[in-house]
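Student: Read top to bottom, the protein sequences are chains A and B. The first sequence begins at 22 in our numbering and counts up one residue at a time. The second sequence begins at 209 in our numbering and counts up one residue at a time.
Worth flagging that the hints you see were computed from the coordinates, not collected in a lab. There is no bait here: all hints are sound.
Chain B is faced by these chain A residues, among others (derived, beta-carbon under 10 Å):
#	residue
1	Leu-96
2	Asp-109
3	Glu-121
4	Gly-126
5	Pro-127
6	Asn-129
7	Gly-155
8	Pro-158
9	Val-174
10	Met-177
Predicted model only: the values in this text are computed from it and were never measured. We put the beta carbon where it would ideally sit given N, CA and C, even for glycine.
These are the residues of each chain, in order.
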Amino acid sequence: MSHHILEIDHLRHVYPDGTEALREVTFSVCHGESVAVIGANGAGKSTLLAHLNGHLLPHSGEVRIGHAPVDRSNLHEARRTVGMVFHDPDDQLFMPTVYEDVAFGPMNLGLTGVELQNCVAAALRRVDAEHLAGKAPYNLSAGEKRRVAIATVLSMSPDILVMDEPTNGLDPYARRQLIGLLKDFHHSKIVTSHDLDMVLEVCERTVVLSQGVVRADGPTLEIFRDEALLRECRLEKPLSMQGCPVCGK
Amino acid sequence: MASVHGALLDLKRLDQLAAGDTAVHRLDPRAKVLATLVFIVCVVSFGRYELSALIPFFIFPVCLIAAGRLPAGYLAAKVALVAPFAIAVGICNPLFDRTVLVHLGTLDITGGWLSFASIVVRTALTVAAALTLTALTGFTSICRALVRLGMPKAFAMQLLFLYRYLFVLAEEGGRASRARELRSFGRKGSGLASYASLLGHLLLRTWQRAERMHMAMLARGYTGTFPAAQVGRFGAREVAFVLFWSALFIILRLYNGAELLGTLVTGYLP
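Between the sequences and the hints, there should be enough to build the whole structure, so can you do that?
Tutor: Right, here's the structure in full:
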């Protein structure tokens, strides 16, 4: 048995209007690995993520989670294994209070009573949001919403955490807090982002998507040093790897 | 769109009031919902010329506001906001109904004016009761209570989603409208046509959001029913609350409270 927990194999997806969003995507993720998927707008990142929990099904190729291909028959299992944190927390926080939102997944999995309370409390504690339990989602700041959205997924104890642009729209403090949080998780993680400095800190491995194919897959630092590759894929070096803006060194 | 934004903040304030911790706040929501329902039924079931018998009913919102330590001025302003609608409904009555029903000294009061006043008072009563209920209980708890009292779950879900996304939708709409205003330089822009397309876009965006939300719900094991909420207790205090108020409303409905009080005070006078 290999130690791969997620395998994406020759994945291809065509939207009903004929757009070929993914042409040929192949890579796999091991236990405990943090992988960044980066690429320009329209490179196919969101389409790829939608395949990971079976919201979209491939036209050809396969997504395998723990060796079982994701199809209609095992969607529930796939959705529990892959915890998806959405791009816009407002889409994800739909219950009247934070507590109920975090409890939504575990309740659907059949938890009740003290077990449920402990599970919710533990998830909120991990994102440092216990004090928000009784609040309504529309009364939270962007940073708080993001942390609570992560808690809603953590409470289902997924094997893989998938995050779509987690630092988008956060102020520097909230962003720093989130990066600290992500570094602390020993989950397998897949993160898409345009915040390449965050990628540099959080993910040891990076997959570069461009026009529906994997252009590069390797250690993050190596990829960010390859200026030609980055330019070709409409990306650029993270700011922390560029010269000082005053002296240029 | 400052007004919409202001209205939203106001709505949030109503919700925050429900976080209070007085004895009436702690009552099971079902008790408060039931009492308010009886109140509304009693108030609206009076005859059209009834005015004096309605006045004692103000005791309910007044007592709850006092016991719940709610800001009375704020709630009164909310009730006043609805007054124009009531006035619009009743304003024609004095014109059509000119039979004189009451003589106050030399002043003749026609049936039209009486029924007009009755409509306004009834609106004030029912709206005040509904607002007090919301400020004491919170919108979501009211929905839950209604489900536990037998309302179909699908309705409750619709209401809860409506309430949750009202804020998001209004903010989106506000932004779009401000963007339109900023580029129309005080002129009409392309008038109604631009509003039509703005609304269309808003609808499409809402649609897409609904799809993403559904995706988020599925991702967390949603199978078509919402998990049951935690149970509250309908104890002796709740029963006493419902019985006391319901009995009072029914008595006030059957006997004119204002008149009774009047005879009590003046009955011994010659």
